[in-house]
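2 protein chains.
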Amino acid sequence: MNGQTELKPYVIGLDLGGTNSVFGVVDSRGEIKATTAIKTQAYDNVEDYVKASLEALHIIIDQVGGIDTIKAMGIGAPNGNYYKGTIEFAPNLIWGHTGIVPLADMFSQGLGVPVALTNDANAAAIGEMTYGVARGMKNFIVITLGTGVGSGIVVNGQVVYGSDGFAGELGHVIVCREDGRSCGCGRNGCLEAYCSATGVARSAREFLEKSTEPSLLRELNPEEITSLDVSIAASKGDQLALNIYEFTGRLLGEACANFAAFSSPEAFIFFGGLTKAGDLLMNPIKESYNEHVLKIYKDKAKFLISGLEGSSAAVLGASAVGWEL
Amino acid sequence: MNGQTELKPYVIGLDLGGTNSVFGVVDSRGEIKATTAIKTQAYDNVEDYVKASLEALHIIIDQVGGIDTIKAMGIGAPNGNYYKGTIEFAPNLIWGHTGIVPLADMFSQGLGVPVALTNDANAAAIGEMTYGVARGMKNFIVITLGTGVGSGIVVNGQVVYGSDGFAGELGHVIVCREDGRSCGCGRNGCLEAYCSATGVARSAREFLEKSTEPSLLRELNPEEITSLDVSIAASKGDQLALNIYEFTGRLLGEACANFAAFSSPEAFIFFGGLTKAGDLLMNPIKESYNEHVLKIYKDKAKFLISGLEGSSAAVLGASAVGWEL
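Each protein sequence line maps, in turn, to chains R and S. Throughout, this note's numbering is defined as the position within the first sequence, counted from one, plus 101. Throughout, this note's numbering is defined as the position within the second sequence, counted from one, plus 101.
Treat the hints as calculated values from the structure; they're not laboratory data. Possibly wrong hints are sitting among the right ones.
[Stated by the list, open to error] Distance condition first, Cα-Cα at most 20 Å in a straight line; then the derived EDC-like pairs of lysine to aspartate or glutamate:
(1) S:399 / R:265
(2) R:403 / S:307
(3) S:239 / R:156
(4) S:403 / R:156
(5) R:399 / S:265
(6) S:387 / R:156
(7) R:401 / S:189
(8) S:396 / R:410
(9) R:396 / S:325
(10) R:140 / R:156
(11) S:401 / R:392
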């Protein structure tokens with residue numbers, strides 16, 4: 102380390118998703134100076150993926166003044182292991198589902214800067230702490246409500262990685278022990294099976310089947326209903342859609358009440374598509390939390406929606422991992 | 102701070118229980134050099150309690166060479182708040198159940214040494230890290246199985262105190278959402294209602310009522326059955342008593358599987374009276390854990406019984422809190 106480090110004003114963030122890989126060059130205030138993207142699954146093997154990434158990256162790196170302006174790179178990726186910088190058995194990646202991919206090392210060798218990698222939800226947590234609503238907080242939990250349910254847990258100002266780098270999988274806490282819904286992980290009753298976007302769509306199909314209540318959702322093919330359809334119906338005042346949000350929020354609130362007994366966080370921060378429902382989701386979460394939580398924790402935790410806006414949130418989160426290096 | 106600190110070879114540990122307050126002067130290897138005790142509830146107010154404690158303490162402090170040999174004091178107490186050094190609304194303490202008692206400050210003023218206070222389970226966790234089976238571990242969870250169920254969670258080598266000093270109440274995670282047993286905390290279905298010593302006695306009454314299976318426990322007045330009776334019957338091969346341990350262990354294993362999704366600990370360490378059952382309890386815990394845990398955590402965590410022996414364990418744990426100062 103020398104004084105030079107101070108002169109490097111940018112980090113690179115990579116939001117590595119199942120469909121797109123979005124890169125951004127980000128400054129310390131969280132402004133994205135340049136951005137690019139490639140298709141994650143257009144490559145059969147990781148060598149070709151990294152090669153294509155580096156080609157795309159060199160263009161935006163040149164735009165901001167060359168590699169000497171880059172301090173580090175942060176990657177948010179499914180099944181990312183922070184300790185090892187690897188992606189391990191990621192079911193949704195063609196080039197990553199059967200083994201352990203040392204992606205941080207590959208990018209570090211290609212760029213000549215330090216690279217850190219973690220899972221997407223941990224990246225979101227670091228992003229909130231660096232640029233978002235968790236600035237100044239030492240104890241909080243980010244819960245990502247997307248295709249799945251992920252979590253990034255911060256204790257004493259540090260992300261909880263656990264003994265193996267895989268801590269913080271609160272989407273796979275069992276919330277329903279009897280007749281729980283099957284989950285992608287092979288077990289039953291996980292929080293993710295209820296409170297992800299796909300879980301909400303599944304709730305819609307269940308609710309439609311169990312009642313004869315009229316609903317805008319009945320105009321759709323049940324198999325094709327998405328959480329967005331539920332959201333649109335709810336925003337039009339559709340009672341059955343509103344009940345689905347109530348059900349989803351209450352389950353999340355109950356789960357958070359159990360999480361409080363673990364790390365007593367200052368805030369629960371929700372991130373991802375489902376949070377667009379706003380109070381429709383947040384109000385039942387808060388009500389249910391206060392009903393279920395141990396008395397000593399009551400009315401203490403804040404319930405917040407991510408402060409990282411829109412499509413750039415995941416890139417910002419990933420870039421924040423780079424600042425930690 | 103000056104060189105003098107190095108010359109102070111001892112800390113005082115206070116295990117503050119509902120019945121007895123046990124004090125020990127402990128060296129850095131965990132040897133108890135002198136010990137004394139007073140009755141916790143023989144005093145109507147905390148001033149008298151502290152006065153009596155100091156009188157008892159001065160005798161053993163003199164035995165080891167006077168107050169100049171004492172570096173600090175650590176207290177393990179019910180409802181202890183580490184951040185504030187207070188005992189807050191402790192239901193089982195005559196002089197502590199209605200308010201906030203600044204016990205660390207009171208002892209610090211009385212002795213002229215720094216004093217830290219935390220709850221009993223956190224003290225046990227620090228004790229395991231300092232003198233016990235968790236030496237060298239950075240991520241583990243201690244679960245105390247006594248009258249209640251407590252927990253001390255260590256992440257990145259630090260006890261998790263959370264935003265308010267009250268984190269780590271895993272005995273009050275809800276494990277049974279439908280028709281859960283009532284818990285002392287006023288809610289239903291807490292782990293503590295099943296897996297504490299009183300929970301095991303309650304299971305015995307339920308099991309006896311639900312079946313007509315012959316059992317040594319039928320010779321006892323059901324209302325007077327204790328976890329010790331169940332343990333004795335089990336050690337004689339009594340099938341119903343064995344089933345109670347199986348039931349208790351399986352619930353603990355399921356709960357630990359959820360805890361793994363939080364902090365992915367290197368070990369779960371069990372502490373307290375119920376652990377005397379040994380494999381009768383530990384085997385069903387391990388089996389149930391591996392059946393229920395998310396695949397990525399499988400076969401990773403160790404399941405250990407506390408390395409702090411016998412009646413001195415709680416004093417050692419409390420004293421270890423003093424070393425952290």
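Evaluation of the provided hints:
no.	hint	verdict
1	S:399 / R:265	11 Å, holds
2	R:403 / S:307	40 Å, violated
3	S:239 / R:156	40 Å, violated
4	S:403 / R:156	45 Å, violated
5	R:399 / S:265	11 Å, holds
6	S:387 / R:156	49 Å, violated
7	R:401 / S:189	16 Å, holds
8	S:396 / R:410	33 Å, violated
9	R:396 / S:325	30 Å, violated
10	R:140 / R:156	13 Å, holds
11	S:401 / R:392	35 Å, violated
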